[in-house]
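Asker: Could you slot chain B onto chain A? The hints should help.
Chain by chain, the residues:
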Amino acid sequence: MSFAESFETISGTKIRIMRKGKGSPLLFLHGASGASHWLPFMEKLSETHAVIVPEHPGFGVSDNPEWLDNISDLAFFYLDFLDHLGLDGVNLVGTSIGGWLAAEIAIRNATKLASLTVVAPAGIRVKGVRKGDVFMWSPEETARNLFHDQAFAEAMLAAPPPSKEAMEILLRNKLTFAKLAWEPRFLNPDLHKWLHRIPVPTLIVWGDDDKAMPVGYAPAWRDLIANSRLEIIENCGHAPQIEKADRFVELVNGFIGEVTR
Amino acid sequence: MKFYFMHLMPYADLDLSYDEKHNSAWVTLPNTYYDPRKGHQLYNRYLDELEYADQLGFDGICVNEHHSNAYGLMPIPGVMAGALARRTKNVKIAILGRALPLLNNPLTVAEEFAMVDNITGGRLIAGMVRGIGAEYHSWGVNPAFSHERFQEAHDLILQAWTQPGPSVFEGKHYNFDYVNVWPRVYQDNPHPPIWIPSQGSSETIEWAAHPDRKYTYLQTFASVSIVARYMKMYKDVAAGYGYEATPEQLGWSLPLYVAETDEIARREAKEHIEAFLQKFLRMPMEMLLPPGYTSVKSMVGAMSAKAGHAMKQTIDSVIEEGKFICGSPATVREKLEEYQSQIGFGHLLTLLQFGTLPAELTRKNMEIYSKEVMPYLRSVAAGKAA
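Respectively, the protein sequence lines represent chains A and B. The first sequence begins at 1 in the numbering used here and counts up one residue at a time. The second sequence begins at 1 in the numbering used here and counts up one residue at a time.
Among these hints, one or two may not hold up.
[As the list claims (entries may be wrong)] In silico BS3-like links for lysine-lysine, alpha-carbon gap of 27 Å or less:
hint: 1; chain 1: A; residue 1: K193; chain 2: A; residue 2: K131
hint: 2; chain 1: B; residue 1: K214; chain 2: B; residue 2: K172
hint: 3; chain 1: A; residue 1: K211; chain 2: B; residue 2: K21
hint: 4; chain 1: B; residue 1: K297; chain 2: A; residue 2: K164
hint: 5; chain 1: A; residue 1: K164; chain 2: B; residue 2: K312
Simulated from the structure, these hints should not be mistaken for lab results. Note that the structure is predicted; figures quoted are calculated from it, not measured.
So that you can see chain B by itself, here it is in the shape it has in the complex:
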């Protein structure tokens, strides 16, 4: 199993009482809530944390893409990846963006990824996503065409990376007479690894698992039962296509906090994970699921699920559901070992900074995790392989 340090770079200095006046930290939260002086400090602190992960022996670091919100300050993730490309030496750098349907010219992604891949000598992992529903409001992009724009942008980027240029691309949303991206990707056999982060979607799994692609499906923030269900679905779909999915095709991304004891971990994490859940993730249905973002069938499910329980998420509820792993090194090791053996994922992306978690606790979390959890799980995996 491979270990990644994932960052969202939230605006941790957000005035958390914003929700007395605004219904979301997305789309319509005035950017006057953002103080560039504090932002300067945060960006540099967060980049330090990502660089520190390289020194601590993580296999990779992950940056993210979100627009017009306090939840994540990386609207252009290539800026972060570029900064990290030179300051890290060993880690893979996963860009988890890019939100292809939001872009008017997907070739900019082909270029951005190829540049990072060249600078790092092939340490890039190329993420491709559709973005969060809210971003279709912020970016004025029609969610009814989200799926087809994603497919087409993907095909265009793959063509740019794998066919000698110039070539012609004839699509519905994108048309080019001269697809001829300079630089070419460094990982050119045939192209950089592609990861598909998803909140959980059978359509996405069918597509990612196809033998022409075999892309890594990355389940983001979800209860462990959902993670298990979708990863089983991936394996079943792969089996249906006539091959066996490897652990490298399955990844899980979740927030995690490890401290000296269960009690200390819970006490230190509580207000910060709850800020993440209740303040940074806060958005109404109309933002989360604009029309077309998911199929009508999934929407009917989501609407009736919402009618059933519009429950407030707390540290206890997310620990209970296995959406958040929190505890002593022994607790965290035990849970991860159990989940890994049940579910069989090969990439574990941990969000070791979340919400308002301050620098010193983030570092402590990273240190304990890398010293007391990662080596143990690596040795378990090695034991199994032997």
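Chain A with its partners taken away, still in its complex shape:
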């Protein structure tokens, strides 16, 4: 699994990027837990795509810039990022707050995008469907609530305690996550008004047992984005790309293959 790691300075902000594979570009936007590691689903996607995995400003070892206050700032940063790397025909894939971010990018400017995939995205509100309060969960509750298959939770809990450096990264990630999502909780109150602007084919993926961002949100996303398709993965929690990696990759590859033919 040798991927290329590099640092790029974009609009004065240095970020870390992992890349591997050939084919049409696939830009993966991580969720609240960051993207410190090259994961099996990235490897599989890299068999058919040029996979690009940045660590967002404020996450991991990327800079934590003064200008970063909200999800809108991050969305505009990624428009700079697309220009800087000279990317075009991009398949944009984002999970959780990365899915929210992907949608925020696409409503602003989709000219460099070929398709959009959002996985259990935050960002909108369906009244009465309560999101999980991940900021209140203990580490054990977090592990248990993130996955349907508790074997994943057990593995996470059995891992040795993080080093001081890893702990610092966990805390930085959580801080930036809070900055973006604490209040209003996982929500841009204006986003739902503009999701109709997304012009590219969109795939919405959700686990049927998602305790962080309940699957009750999925139909709202489907209804708000005209050219969209919803896929619900059975027996799956908030991270289908990890818990059901094969199914996830199959769905993404199938969708991209179909819409960019």
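Answerer: This is chain B only, laid out in the frame that chain A set:
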């Protein structure tokens, strides 16, 4: 040294078995645990205690601000300060709140403080805090902006108090075209004394000790070694700025219980201080330290300290650490004299009611403390000055 009677006004009638069902007395403990009939009795009892402190010769009384919990029933401390403003005659009234980042409009604090300052003819001490981590959950305020909101709210309040109105305030979180607070503060040369209570933070000390501010740093509930460390830090920072910090810039707040003998004091205080430690203060890390409440560096320290010893606090552990002073008048005098001479604080805030401590023991504690401890320490200080 000046002596203050500090109150938290806990919901002392709390069903202490709550923790069989709930993991904290904060944020999520259902308010159905609160009985307004009992609350009515408690509020009036506690206000009586604060008024009694005025008669007993304390230099000041302190009210506090906490939200959505059984630990302290003063979410709007100005209500308490207002009630006390008219019923007390001599004491300073310290409002230790207000939790500036939790508020959407900090000018309400400028107003509230100015009103109390006017009614009392300048007996107000203005506290400014960031609130407890749990309150960022209860109040839906983003802890990632806690520090910057605090700074900005402070600047706005100071502007309201010191610049003729109307003036313009242009901030990131707060913006006003007409800062023009009526009434103006009574203590207008330049403004009421400002105290900064803190659980201990080098960033806070750097800021409070700055020559433009020289605010009183108030160390809350901490072991005596921590108190000594932070107060030394304040003095060092002041020296770094080129001036010598005075005792008036340093305060310590802690629970204290004094009785006829060491044995009686320990016996009478035990269940009540342990209710305070184990029931009223109870909250998980996720509530105590939300992201951004402290710097990542301090958080790493806190996480590894927690991994080291998640020890249950008992009367013995807190006496041992000097977080709680408990004993006969002689014991209490001796400890306070020693700590004061070592650490050099000029304000001592004692929590003489804590947890479930009932009215009669609270009064006894206040009486013995004011008659057998305060005068002695005042005479020691006078002796040193002479």
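Asker: Each hint should be assessed against the structure and marked as holding or not.
Answerer: Here's how the hints hold up against the structure:
| no. | hint | verdict |
| --- | --- | --- |
| 1 | K193(A) x K131(A) | holds (20 Å) |
| 2 | K214(B) x K172(B) | holds (25 Å) |
| 3 | K211(A) x K21(B) | holds (22 Å) |
| 4 | K297(B) x K164(A) | holds (10 Å) |
| 5 | K164(A) x K312(B) | holds (25 Å) |
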